[in-house]
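> Each chain, letter by letter, is given below.
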Amino acid sequence: GAVVSQHPSRVICKSGTSVKIECRSLDFQATTMFWYRQFPKQSLMLMATSNEGSKATYEQGVEKDKFLINHASLTLSTLTVTSAHPEDSSFYICSARDPQGALYEQYFGPGTRLTVT
Amino acid sequence: QKEVEQNSGPLSVPEGAIASLNCTYSDRVSQSFFWYRQYSGKSPELIMSIYSNGDKEDGRFTAQLNKASQYVSLLIRDSQPSDSATYLCASSQGGSEKLVFGKGTKLTVNP
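Taken in sequence, the protein lines are chains C and D.
1 is the number of the first residue of the first sequence in the numbering used here; add one for each residue after it.
1001 is the number of the first residue of the second sequence in the numbering used here; add one for each residue after it.
Just so you know, the hints here were simulated from the structure itself, not pulled from any lab data.
Keep in mind that the hints are not guaranteed to be accurate.
[To be verified] The calculated lysine-lysine pairs, modelled on DSS-like cross-linking and capped at a C-alpha distance of 27 angstroms, are:
#1 C:K41 with D:K1106
#2 C:K14 with D:K1042
#3 C:K20 with C:K66
All chains, please: the whole structure from these sequences, using the hints.
Listed below in structure tokens is the structure:
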């Protein structure tokens, strides 16, 4: 159980365009999802916490107008990178909490590798 | 700023040996601790969670927690080349749902 999917797994886009990444919990309903970014050889950086039906909570230094998060249902959260620039190229990973699971355990999706040219 | 510290390694052990990975955390309120394995180019995979002082065993993996010393460790017995990965330690952040991750320890198991 506790399977999380992400789509797409890899995307290349031109500078100035927007990219949407989907995160789905496949076998449980996730009231809370998290979005992380990871640069090469660095650890995970939490970008925002996404709660179903409410606005996302962004970490300090993360531009909420640039990284739009929508958690419209208990199984789907989306991250839209708006007006992407080369410095936004990174590995974006979502995770989800199964409220029926062990306390605070997060299950990660497979990640989306974004390259902005 | 709550922190989780790990030795970045790399840690290299021969096949069949015990690999010992260590982690310290600064938030005394943290109650939940996790070990994730991340293969190169992949996302993290949860391998162990521990909530109480002492040891927790799952197959070849044993997690150890000492809240008084704010210390968490992961032992991998009979290490295999397939265990070669970066191991991330994480703790819950003072009652919130957020996790704080260490920078990870890269483990290499040599055949």
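> Confirm or reject each hint.
Here's how the hints hold up against the structure:
{"no.": "1", "hint": "C:K41 with D:K1106", "in the structure": "holds, 10 angstroms"}
{"no.": "2", "hint": "C:K14 with D:K1042", "in the structure": "holds, 24 angstroms"}
{"no.": "3", "hint": "C:K20 with C:K66", "in the structure": "holds, 12 angstroms"}
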